[in-house]
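A.B. asks: Each chain is listed here by its residues.
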Amino acid sequence: MTLKNSLAKATAKSAYWLLHDVLHRGGTSLPGKLAVAIDPDILKSIQQDFDLVIVTGTNGKTLTTALITRVLEAGGHQVITNPSGSNMIQGITGTLVTSRVTSNNGKKPIAVLEVDEANVEKVSSAIKPRMFVLTNIFRDQMDRYGEIYTTYDKIVAGIRNAPQAVVLSNGDSPIFTRGDFPNERLYFGFNHVSPEDYQPSKAPTNTDGILSPTDDSVLHYDFITYANLGKYFSVTDQFARPNLRYQVTAVTKLTPKYSEFSIDNTPLRIEIGGLYNIYNALAAFAVGREFEVPANAIKAAFESNAQIFGRQEAINVDGKDVTIVLIKNPVGTNSVIDMMLTENDDFSLLALLNANYADGIDTSWIWDAEFEKLHASHLQAIATGGERYRDMQVRLKMAGFADQSVYEDLTKVVDAIKSLPTQKVYIAATYTAMLQLREQLRSAGYIKGGF
Amino acid sequence: MADYTIAVAHLYGDLMNTYGDYGNIIALTYYAKQIGVDVDYQLVSLGDDFDADQYDFVLFGGGQDYEETIVAHDLQDKATEVKQYIENDGPLLAVCGGFQLLGHYMMMADGTKVDGIGVMDHYTTNMHDPKLTVRNNERLTGNIVIKNNETGEEYHGFENHQGRTFLGESERALGTIVSGNGNNGMDQTEGVIYRNVYGSYFHGPIFTRNGNLAKRVLTTALTRKYPSIDWQSKLNAIPTETF
Ligand SMILES: [Zn+2]
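Protein chains in written order, with full-length UniProt numbering: chain F, 1 to 451; chain L, 1 to 243.
Derived by calculation from the structure, the hints in this document are not laboratory data.
Please read all numbers here as calculations on a predicted model, not as lab measurements.
We put the CB at the ideal spot given by N, CA and C, even for glycine.
Be careful, since some hints might not be right.
Computed footprint of chain F on chain L; a stretch qualifies when at least three of its residues, placed anywhere within it, have a C-beta under 8 Å from a C-beta of chain F [unchecked claim]:
id, stretch
1, 38 to 48
2, 58 to 69
3, 92 to 98
4, 126 to 139
5, 187 to 200
Quick list of simulated restraints, FRET-style, between CB atoms [unchecked claim]:
id, chain 1, residue 1, chain 2, residue 2, range
6, L, Ser170, F, Asp153, 54 to 60 Å
7, L, Arg135, F, Leu435, 28 to 34 Å
8, L, Asp49, F, Arg160, 52 to 58 Å
9, F, Asp197, L, Asp74, 29 to 35 Å
10, F, Pro195, L, Gly118, 55 to 61 Å
11, F, Thr411, L, Asp53, 55 to 61 Å
12, F, Ala300, L, Asp74, 48 to 54 Å
13, F, Lys373, L, Tyr226, 43 to 49 Å
14, F, Lys253, L, Asp51, 54 to 60 Å
15, L, Tyr226, F, Glu439, 52 to 58 Å
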């Protein structure tokens, strides 16, 4: 390490100490900025200290990164990771230069970093990763200019910086078979359906990324797990889903609060509902096995770290069991709907729609979410609200739910919850609607603290 | 089983389906059902035949650039039948990319020129075109309100496009800009009307927020198929979602 490197690292560390330990702010971007200002090559200079795993994709990065961290720790590795939200180059630099790295039992420390898709190339040009983990690529919020193939090209540009790195991808997502790079490619996916239960069909209409990389024909699927993920094949040539190195071999139980399934015949349980979270667990399992963590240690890591799944918030409102879920795009909303289909008790739904910048200013995505499927659930009552309550009201009306109570004003939202007929209540809200909702619940005394 | 059915073709519904375009079919079905009409939905995609005589309504939505290039190529094989459908006064809603591909050509953001099928007389240039005098190099994104001066109807929606469309001699705009940008940000036009074809940059989707337009198009489709029935009165008797 040169003097300049040391200086950069020391400056960053003291900035981190000031922010974190004195001011009690969780900022990691300032130390990163300081370090880069003093030595733009800081990342290159520290890369021999650890192995790097980059986790990227449009959805599921944060939970996958957290799970990989727990899994590798369970395997006896020392792990450095970035806090969620610090997934751009500055935050990553901050994380790396402020971490104390020591090797453990002769095992090299591992940095597991969630990296924004557009920042993969920058990070991998500074530090050669040992592994890339690709979760999925779905169309993101609709008012932003982003196309899935453009997003994937950015990731591929980053992969090309590190031809020695293993690329571990979601094999159920057709887009990940695209791209020209020499790296070793491994895939994980679902194989829980036996061939006699296959129901071959053309790709569903309301998704994207379903073109074959060989001839751009529309793919067919033996089964679909959700969105465009599943066991796909081409009818025009021999192209099909690649062989899976790691696979979900059984899905035993799906509930809104936990899932039970097997990966490579190891029975597992995670304390969160939703098929998409099984994909996150599968990615973590795959990374763990690649680093030779035993399957039973991975199982224990999933079961002993229940708190990391705490993204769905449960609140008690005068005896009502209220669960708040964030909605922002069709794929995420469909996952929430699928989760509600696994609810065995009667429940009510309060759907809150805003269209501020943080929500996405275009509300048209609600038409791509399949609220119609809720007819097959135990849904008993629907209420709608938020600044764009009218859009949500009409969406649900046209989905066949004519009978709704409508709350134009979120100051009535606590009363709305209380007047719903069931003990279980799900609230699906866009980001700023959720903040407003939380403020109402806080001032009514149902939740404590700020946010 | 209802007594009446309309056959709806969703052109490239598996590839051109961004921004809730499918919602237009949800809305059309919602109104149709209330007056005892079934909607028979069919996807018409790559390599499929499009038979001009088989459909009572066609939706052609927008897509990502990559998919749009592939669709543009395949569409050439369907051009004759699509033209025949349009010239036979078949009702069609074309949104964004679909609207662009019915015209002469479109320029993608990266400058690639993609041929449309030219069954309608507009063309689409991109946001980098030097002849643009308004908001060049920017996407046109935001809420939009337009007014159709022939019917007096106002339509509300959201636009999100980089392409700039200029209408041809034989085409009328769907509406004049009240607020927002429209086809090109310059000439105050939004969308197109040609025979029974409605084109627009509205994502919203347009039929869900503008029940007046949904009912107008549904009336056209039903009257064309079942001319002896007063569909307009039936549709007037049910509530319209407009917001
Ligand atoms: Zn568009």
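A.B. asks: State for each hint whether it applies.
C.D. replies: So, going through the hints one by one against the coordinates:
1. Residues of the stretch 38 to 48 of chain L lying with their CB closer than 8 Å to a CB of chain F number 4, which satisfies the three-residue condition for coverage.
2. With a cut-off of 8 Å between beta carbons, the stretch 58 to 69 of chain L has 4 residues touching chain F; three or more are needed, and the interface restraint holds.
3. Counting residues of the stretch 92 to 98 of chain L whose CB lies closer than 8 Å to any CB of chain F gives 0, which falls below the minimum of 3, so the coverage claim is violated.
4. With 1 residues having a Cβ less than 8 Å from any Cβ of chain F, the stretch 126 to 139 of chain L misses the three-residue criterion, and the hint is violated.
5. Under the rule that three or more residues need a Cβ within less than 8 Å of chain F, the assignment of the stretch 187 to 200 of chain L is violated, with 0 such residues.
6. For L/Ser170 and F/Asp153, the hinted distance range of 54 to 60 Å is not satisfied, since their beta carbons lie about 40 Å from each other.
7. In this structure the hint that L/Arg135 and F/Leu435 lie 28 to 34 Å apart at CB holds, the actual value being about 32 Å.
8. Taking the beta carbon of each, L/Asp49 and F/Arg160 are about 42 Å apart, not inside 52 to 58 Å as hinted.
9. The hint said 29 to 35 Å for the Cβ distance between F/Asp197 and L/Asp74, and at roughly 33 Å that hint holds.
10. Remark: the range hint 55 to 61 Å for F/Pro195 to L/Gly118 is contradicted by a beta-carbon distance near 47 Å.
11. Range check, F/Thr411 to L/Asp53: Cβ separation about 56 Å, and the 55 to 61 Å hint holds.
12. A hinted range of 48 to 54 Å for the beta carbons of F/Ala300 and L/Asp74 is consistent with their spacing of about 52 Å.
13. Judged by the Cβ atoms, the range 43 to 49 Å given for F/Lys373 and L/Tyr226 is violated: they are separated by roughly 32 Å.
14. The hint said 54 to 60 Å for the Cβ distance between F/Lys253 and L/Asp51, and at roughly 47 Å that hint is violated.
15. Between L/Tyr226 and F/Glu439 the beta carbons are some 54 Å apart, a value that agrees with the proposed interval 52 to 58 Å.
Of the numbered hints given earlier, the model fails hints 3, 4, 5, 6, 8, 10, 13 and 14; all others are met.
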